[in-house]
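*Asks:* Letter by letter, the chains look like this.
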Amino acid sequence: MYVAVKGGERAIDNAHRLLADARRGNRDVPELTLDQISEQLALGVDRVMSEGSLYDRELAALAIKQARGDLIEAIFLVRAFRATLPRFGSSEPVDTGAMAVRRRISSTFKDIPGGQILGPTFDYTHRLLDPQLAESGDPAEPATAEASDAPTPRVTDILRQDGLIEESPVAEDDSAVGDLTREPLNFPAGRDLRLQNLARADEGFLLALGYSTQRGYGRNHPFAGEIRFGDVEVFFEAEDAGFAVPLGSVALTECQMVNQFKGSATEAPRFTRGYGLAFGQSERKAMSMALVDRALRAQELGEDVKAPAQDEEFVLSHSDNVQATGFVEHLKLPHYVDFQSELGLLRKLRAEFNQDQPELREAAE
Amino acid sequence: MLDRVSSAALDTFVASDQPLLIADGLSKRYGRIDACRGVSFELFPGEVLAIVGESGSGKSTLLQMLSGQMTPSAGRVSYRMRDGVLRDLAELGEAERRLLLRTDWGFVHQDPAQGLRMAVSAGANVGERLMAIGWNHYGKIRSVASDWLERVEIDTGRIDDAPRTYSGGMRQRLQIARNLVTDPRLVFMDEPTGGLDVSVQARLLDLVRSLVAELGLAAIVVTHDLAVARLLSHRILVMKSGRVIETGLTDQVLDDPREPYTQLLVSSILPA
Amino acid sequence: MTEATYNFAYLDEQTKRMIRRAILKAIAIPGYQVPFASREMPMPYGWGTGGVQVTASILGPDDTLKVIDQGSDDTTNAISIRKFFAKTAGVATTTSTPDASVIQTRHRIPETPLHEGQVLVYQVPIPEPLRYLEPRETETRRMHALAEYGLMHVKLYEDIAKFGHIATAYAYPVKVAGRYVMDPSPTPKFDNPKMDNCPALQLFGAGREKRIYAIPPYTQVVSLDFEDHPFTRYRQDGCCALCGADDSYLDEIVTDNAGTRMFVCSDTDYCEGRRAEGHTGSETTPMESAHA
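Residue numbers (my numbering), protein chains in the order written: chain A, 1 to 365; chain B, 1001 to 1272; chain C, 2001 to 2292.
No lab work stands behind these hints: they were computed from the structure.
Don't be surprised by glycine CBs; every beta carbon is placed ideally from N, CA and C.
Certain hints may be false.
In silico lysine-lysine, DSS-like type, Cα no more than 30 Å apart, as pairs [stated by the list, open to error]:
1) 1140/B x 348/A
2) 2162/C x 1140/B
3) 262/A x 1240/B
4) 2155/C x 2175/C
5) 2083/C x 2016/C
6) 332/A x 348/A
7) 2025/C x 2175/C
8) 2175/C x 1140/B
9) 332/A x 65/A
10) 2016/C x 2087/C
11) 2175/C x 348/A
12) 2155/C x 332/A
13) 65/A x 2087/C
Output of the computed footprint for chain C on chain A, the stretches with three or more beta carbons under 8 Å from beta carbons of chain C [as the list claims (entries may be wrong)]:
14) 184 to 191
15) 318 to 330
16) 340 to 353
From the structure, some residues in chain A lie toward chain C, with a derived Cβ separation under 7 Å [said to hold, decoys possible]:
17) 8
18) 80
19) 313
Produce the entire structure from the sequences given, and follow the hints as far as they go.
*Replies:* Here it is in structure tokens:
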């Protein structure tokens, strides 16, 4: 006799237990600590903070551990936690010009005020697997120098002095910065919301879109005006105090793309900007974001909107990996009822087809 | 002219002393460029007006402003609604404007792909406007669609085929049927024969001419082809650099052009 | 690190208030999709985050909650959501349709008629009924604003031209209160008539798409059709093999490798209720069913 499927509850509980066991892996191997993840898988932590929209290394490390190293799952955990946090307000805009720079390069000028600072980068390493890393052992101490007091002005500010690049749009005093986690995104979206969306967007998605602009799908002739990574102090305007109080500092990567612009009937030729910003050291993300930001400004700058990267609705609606993975993976949920309806319809259509065309059926048989 | 325009159409044309559409000082600037400068005219019910000129003369910009798809930098377009009231297009709400576009007006694009749903059957293409205004009987919609396919000389056996399986000429005829199914009073046409073979062009022009006459339609036809203007229109506007440089009855202007530019245009085509 | 603590029914009160405002607006404009600032939830998008947020926002301590997926209280996702609210809100839960004050559902409307005072919360994947005809949100919003629904009828026309009848089996579009065309979520069209003039409040939540919409109690809900091709319900021929019901929506079960099939009620509560009343099907005896 058939008994309808039951016992889903126990199955779920047991699956969760099994998952916890699989997460732990072989119990003879020492368990990962959050410090280890935070210190030794730091770039993964940075990505989870960026796309999770929450600056907290410890929570991001916990999420990575809990997600067994699946970064999108970790981002999801951080987002879900973030959604429950009370909101006190927005910080003052951070001044990246005053960044304590750990790395800073420009591909547009050989030398720049404050100098090019290579910092910790994979850029010029040879990608040879290093068997020594399989053993334990500390690397050599880094070579250090006294931190310089020399200011490091942004490269775009230097171009701006000559009027060679467009002015950065300045917000009107009373206009609040949008927040798509508090208000649903509407189209067309303002640049503030676009940038927020891109900052939270999946690195791989932005990378592919940015790449597509370089390959001719919405070309905008980019130069990496400047990429800088370092620490920036965050201030919060406390209403009671009447002045901005420092909250601490965050590590940021900023990319300012400088893009060619031919000018129009009413405007002289000049460079335009694409902007990228991410938590931690996330250069690929910041650069991709800057390319896509510039591509999305096509309409505003009077360029043809033809390529996927220029299509605001397309880009902003599909950039979020938490949304995307949810909808793709929800295909795992039961669809018995819908499938049953389709099955019924299909049978009916096939029966009607065979009735109408008996000779075809015979031929097929 | 009489041999080309049916007497019924001429009757409406003559009997209506009130214009259907009035263009008043229409101008459009793009930055420093004047795409269109101070164009004014009146169009009467049943009248066919051709706007001719080379590419870049401003005729397409003018058509966009006349059909409410582009806001003029200066000037205005007024249209006499079915209730007889003359309305400024700029003052219509979006709902009214869209209703006008899909009931009392038609717009025939040069590229049928812009005016048709290429992946949807011919029957649905013709029926869409009816459904949009509330028709709710499949059989009736289908029979009206079928009638219209016949009128534009499309085999009704193709009613369930999508236009992407049609030839260029058939697509253009289908686009015309889709526009005329709601009995519009005014049809805009943007280079309706552009991109078609010469033999196909002739058949299409013939069809358009007889439909326009039979239905007493007013039409504004933008074309660079003076043969099209001669065959279809009663009156003609010649445009150059955004201005109307010559206007009059089509036969008069084409047989006896006054402006040197018009003379140049006329001399560069074969006699119609 | 201190352990995170969560508010009653998980969401903070500010968020609930925001969602309740959206719900009130949705009730005031039946069938209209109200944008709301959907939060990340601890379950993935596509798992019913819209429905969960709506339920979290309307749930009070005295409520009794029922959660179904595919008509069943025992599918994994239904259990997971029910446990979530049992844990975060401590509310009573039930599998009985008449005893529940709030019912969250995915893909079905219960067979037992709903009564006044109940709320049915639907999980919605794609709230926009015009989405597959017109991909752009800017365009579909305009179409709704101007009530331009010709395109929807084009789709139905095409179905009839191609198949002889309207070939939409689930998520069958409806017109609510004579104004907005609405997606009923992917319920089989068998369930559509239950939405019409329903005594219960029906709320629809789409988390990923950030939309909430509603059908207030006793509101007219009409399935789109043509006069000469009227809407028809569809159900499999036959009776439930467990309770013998001939009026319920049936699941098809493949029982062996030879492809033997049987049909049972998709609504497990309805089926169990009937068996408790002594109804039998081809596969049961009354004794067995009472303890199933």
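*Asks:* Please write out, lowest number first, the hints stated earlier that are contradicted by the structure.
*Replies:* Violated: none.
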